[in-house]
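Generate coordinates for the entire structure from the input sequences, incorporating the hints supplied.
Heads up: the sequence lines are chains A and B, in that order.
First residue of the first sequence? That's 87 in the numbering used here, and the numbers climb one at a time after it.
First residue of the second sequence? That's 87 in the numbering used here, and the numbers climb one at a time after it.
There is no bait here: all hints are sound.
Put simply, identical chains are the same to the list, so a pair is met inside one copy or across any two.
Calculated pairs, SDA-like style, for lysine to any residue (alpha carbon to alpha carbon, straight line, at most 20 Å): (1) Lys180 - Pro170; (2) Lys206 - Asn218; (3) Lys180 - Glu166; (4) Lys212 - Lys262; (5) Lys181 - Pro170; (6) Lys206 - Gln217; (7) Lys181 - Glu166; (8) Lys180 - Glu167; (9) Lys113 - Lys180; (10) Lys212 - Phe261; (11) Lys181 - Glu167; (12) Lys180 - Ile115; (13) Lys262 - Arg273; (14) Lys180 - Asp151; (15) Lys180 - Thr168.
Please keep in mind that the hints were generated in silico from the structure rather than gathered at the bench.
Protein chains: 2
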Amino acid sequence: MASEKPILYSYFRSSCSWRVRIALALKGISYDQVPVNLIKDGGQQFSAEFKALNPMQQVPALQIDGITLSQSLAIINYLEETHPNPRLLPQDAKKRAQVRMIADHIASGIQPLQNLSVLKQMGEKKMEWAQNCITSGFQALEQILQHTAGRYCVGDEVSMADLCLVPQVANAERFKVDMRPYPTITRINKALLELEAFKISHPSRQPDTPLELRA
Amino acid sequence: MASEKPILYSYFRSSCSWRVRIALALKGISYDQVPVNLIKDGGQQFSAEFKALNPMQQVPALQIDGITLSQSLAIINYLEETHPNPRLLPQDAKKRAQVRMIADHIASGIQPLQNLSVLKQMGEKKMEWAQNCITSGFQALEQILQHTAGRYCVGDEVSMADLCLVPQVANAERFKVDMRPYPTITRINKALLELEAFKISHPSRQPDTPLELRA
Numbered sequence: 087m088a089s090e091k092p093i094l095y096s097y098f099r100s101s102c103s104w105r106v107r108i109a110l111a112l113k114g115i116s117y118d119q120v121p122v123n124l125i126k127d128g129g130q131q132f133s134a135e136f137k138a139l140n141p142m143q144q145v146p147a148l149q150i151d152g153i154t155l156s157q158s159l160a161i162i163n164y165l166e167e168t169h170p171n172p173r174l175l176p177q178d179a180k181k182r183a184q185v186r187m188i189a190d191h192i193a194s195g196i197q198p199l200q201n202l203s204v205l206k207q208m209g210e211k212k213m214e215w216a217q218n219c220i221t222s223g224f225q226a227l228e229q230i231l232q233h234t235a236g237r238y239c240v241g242d243e244v245s246m247a248d249l250c251l252v253p254q255v256a257n258a259e260r261f262k263v264d265m266r267p268y269p270t271i272t273r274i275n276k277a278l279l280e281l282e283a284f285k286i287s288h289p290s291r292q293p294d295t296p297l298e299l300r301a
Numbered sequence: 087m088a089s090e091k092p093i094l095y096s097y098f099r100s101s102c103s104w105r106v107r108i109a110l111a112l113k114g115i116s117y118d119q120v121p122v123n124l125i126k127d128g129g130q131q132f133s134a135e136f137k138a139l140n141p142m143q144q145v146p147a148l149q150i151d152g153i154t155l156s157q158s159l160a161i162i163n164y165l166e167e168t169h170p171n172p173r174l175l176p177q178d179a180k181k182r183a184q185v186r187m188i189a190d191h192i193a194s195g196i197q198p199l200q201n202l203s204v205l206k207q208m209g210e211k212k213m214e215w216a217q218n219c220i221t222s223g224f225q226a227l228e229q230i231l232q233h234t235a236g237r238y239c240v241g242d243e244v245s246m247a248d249l250c251l252v253p254q255v256a257n258a259e260r261f262k263v264d265m266r267p268y269p270t271i272t273r274i275n276k277a278l279l280e281l282e283a284f285k286i287s288h289p290s291r292q293p294d295t296p297l298e299l300r301a
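Here you go:
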């Protein structure tokens, strides 16, 4: 069982799914992808079949080594520990802490507030709500990056923080957030998007990407 | 600098601050506490002075070893790496992944949605909103714990997951969530609250706890 190919349950547009796709690509782990459409049929993540697999009824979920994991950063930490090369956490403990701080700022402080399930309840205030969440999160992030960034979020090595940054910027663009106040975020995002692992994991290139959104 | 006593900026009632206080207590790290009142003066976390310290304008923040960290789980991971005893992550990689999955489910999937800053915008729907977020998160958590729990969230050792569980249950109680459907959560919470580290870090026993709420 443990040697079978991992299966990633994901949705092309889910930013948390994209984080995990980047990690799998960077680490050269081949996997099968099972699309879970968060819109169709009232949300396929709510089906009894998927709930049995992941009680959190969210993507991503990863079946690997005989277990099923959910929560993108927990999955990425597991991949980091079981496939340490290339590393996604710096060797220095203080830098590692900065990486985790940035990753958690996005994963706990920004993304959950502009998640599909929250926006559904916002009705016509949806767009404004999402913009406010992302804007206030990006103001803090821009300041933090001015202290930590090199070519990427923390120094010059790609880290877990970068895996969170790029999908969050894509969400900001979808919600038409004005990115001009965030030159550091913008610069790092652009540098990361040039990397192959970020390209092949992009929402525009997934098996479930609708034809009209394909790159 | 690095040998100075750590300073924790926290608020007695903040569930994320409590997580860090438990970690500090379990690991026997002595620290000074600076209260940041999230209500008074329109929120002291928004002051220019605090913003310079933590651009995220949130508690907790920990000054330690010459750096300032924020985001509770990033702080706890740093403490785990620099003060490994007693450990808060199991030795087995799969169990570690389960611990992180549960911690992230609470830290990214439940707490941010019932955070003070979100509730402020909900007006009179505040209570109902918080209850719905916690209820749907706890339904998933109860199911997950049925697979992972021993005496505590994952097996019989206290872990990062437990540091997230207890403060989240306290929030649930504040928002009058009916806990009867969650016997496993309730049982583990009770067992944890018997431990000294959870007692001394409790919101009812902090320097900034108002007199009428003191234990």
